[in-house]
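Model the full assembly from the supplied sequences, consistent with the hints where possible.
Residue 1 is where the first sequence starts when you use this note's numbering, and the numbers rise one by one after that.
Don't read these hints as lab results, they were simulated from the structure.
Glycine residues also receive a C-beta, built at the ideal position from the N, C-alpha and C atoms.
Treat the hints loosely; a few may be bogus.
Said to hold, decoys possible - With beta-carbon atoms standing in for the labels, derived distance ranges:
| no. | residue 1 | residue 2 | range |
| --- | --- | --- | --- |
| 1 | 171 | 373 | 46 to 56 Å |
| 2 | 24 | 57 | 48 to 58 Å |
| 3 | 222 | 57 | 45 to 55 Å |
| 4 | 369 | 36 | 55 to 65 Å |
| 5 | 192 | 413 | 23 to 33 Å |
| 6 | 373 | 65 | 41 to 51 Å |
| 7 | 419 | 153 | 23 to 33 Å |
Stated by the list, open to error - The calculated DSBU-like cross-link candidates involving lysine-lysine, where the alpha carbons are at most 30 Å apart (straight line), are:
| no. | residue 1 | residue 2 |
| --- | --- | --- |
| 8 | 51 | 88 |
| 9 | 5 | 49 |
| 10 | 61 | 51 |
| 11 | 136 | 172 |
| 12 | 5 | 248 |
| 13 | 374 | 5 |
| 14 | 61 | 49 |
| 15 | 213 | 37 |
| 16 | 57 | 30 |
| 17 | 5 | 37 |
| 18 | 30 | 49 |
| 19 | 88 | 78 |
| 20 | 376 | 6 |
| 21 | 125 | 136 |
| 22 | 172 | 146 |
| 23 | 157 | 172 |
| 24 | 25 | 37 |
| 25 | 88 | 49 |
| 26 | 248 | 188 |
| 27 | 376 | 213 |
| 28 | 146 | 311 |
| 29 | 374 | 37 |
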Amino acid sequence: MIDIKKLRDDFDNTAAQLARRGVEKERLEKARDLDAKRRALVGETETLKAKRNAASKEIGKVAAAGGDIAAAKEEMRKVGDSIAEIDKELATVDHDLRETLLMIPNIPAPEIPTGMDSAANVVVKTEGTWTDPDFKIPTHIEIGEKLGIFDFPRGVKLTGTGFPIILGQGAKLQRALIQYMLDLHCQKQGYTEMLPPFVVNSDSMTGTGQLPKFAEDLYHCQIDDFWLIPTAEVPVTNYYRDDILSGKDLPIKLTAYTPCFRREAGSAGKMTRGMLRVHQFDKVEMVNFVHPDTSFQQLEILREEAEEVLKTLGLHYRVLQLCSGDMGFSAAKCYDLELWAPGEQQWLEVSSCSCFTDYQARRLNCRFKDADGKTKLVHTLNGSGVALPRLMVALLEQHLNADGSVTIPEVLRPYMNGQEKLLPA
RNA sequence: GGAGAGAUGGCAGAGCCUGGUUGAAUGCACAUGACUCGAAAUCAUGCAUACCCGCAAGGGUAUCGGGGGUUCGAAUCCCUCUCUCUCCGCCA
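In C-alpha cells:
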C-alpha cells in the first residue's frame, strides 16, 4: 500500500510517477478525495465524542450528588445518534479508501525504464557466453526421458497436469541443488535458514498481497480456511507481521526452501510443456528486512547473491531490469534472472529480485525502532535463490554431453556423493 | 473431537461480582538525572500505540484478544467469534 500522504501532499508528482505504470489519474483522485472526506468525518465525530465524554463525566458527578440528570441524558442520547450516523458513513469511506489504495501499485524508482510490457525491459548484463555444441540439444523432456528422471503421465494420474514426478538421480540432483543453495546463502551470504509452514491463514495471504486480489491463483483448504503457499515469501515475510524490530538488528536476512503451489487458473499455453510451468514446484527464497536508507543498495546485493547461485553452477544467464509496467504490483524496482535453455531456445526466468520499499511493510505493519527512537516502517526485499524446475531444465540442457549424459557442476558433487554425471538409464 | 479455565500496557499482574474521578494499581524491565573513582544498591523523574487538528506548544479521539449489543457513560454487563492453556480421546 502506498503512503496516502504522497497523494495528499504531492499529488501531481506522484500521479506522474504512477502514470508510468499505467495508473489512471482518476483512481488517484478518488483516493485523494476519499481521504479528504475521511478526515472531515473524523473531525466531526471526534468533536461530538469529546462533547459526550465530558457530559458523561458530569452526569456521573451529578448523579452521585443526587441531582437531576434526565435532561442531560436525553440530550446525550441525541448526540449519540449523530455519532452513530457519522461513524457509519466513516466506516464506508474508510473501507472504500482502503480498497482504492490497495488497487494502487507501488511507485516505481526513478531509474526504472518506462514501458507497459516486457518489450521495454532492459538487459543489464549477460553472464558467460553460449556456443551450441556440435550435436543437437533436445528439450529437457527428451533429456529427462533418457535419464529416467521425469514421469509426467503418472503425475497426471496421481494428481493432474502440472504435477510432475522427479525420480532417482534427478530427485537427488534437485535435493542437492536445494541444499547447495541454502548452504551458499547461509554460510557465505549471512542468511538464516527457516523452515516455515507450507500452509498459511488468510491474514498472512493478505499481509503479502496475494489476497484478496489473487485468490483464484491459490489452492485453498476450505474446512480450515487455510491456503497453500505460492512462494516462501508468504510465510517468511509474514514472520514479522505486526512486529516492531530493533533498528540495530537490520538488515535481517532469511532464506527458506519450500514447495510452492500455484493454481494459476487459465494459464494454459506455450509454457505448459514439461517442467516449465507447473502447479507445484520447489524454490529457495531470500527475504530481507532492511533500513529504509539502504534498501536499493541491498537490492543490488540481493541480486548478486542470487546470481552467485547461477554463476557457481557454471550456467549462462542474463539479468533484466524490468520496466515500470512489467514489475510486480508491490515492487519499486525489480531484476529478473534468466537462464538460457538451448533445447527450448528461450530464456527462462528463475529468479525475480525486488525491492518493495515500504509498500509491503505498510500493509504488513512491520516496523522498526530507529536510532532516534522513532518507530518507522522497514523496507522489504525478496528474491528467488532460485526456482528449481527451470534451473533443472537449463542445467540439463546446458550441461548435456553428446552421449546423453549430463555433467554435474562441481559445487554440487559433494551433495551427490561425488557423482560427476547423470547417466542415461 | 469432548470437558473445563483463561486472553489486561515491553513482561508479570491487579481491577471485572458492586459500570462513572481507571489509559488502567503494583512490581520488573527500560531511559535520564543524583550519589560513586567507577559499578552495584538506593533515591528522583520519565516511560503504550494509532489516527485527527495545530507552524509549534498543545489539544482531541480510539484501543484492556476480534466483532456486535445494552447504557448518557463499558476493561467492567450481555451475545458472538478467534486463540491459548489443562484434562480426556485420536495420532506420525
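request  = State the violated hints by number, sorted upward, taking the hints as numbered earlier in the document.
outcome  = Hint check: 4, 16 fail, others pass.
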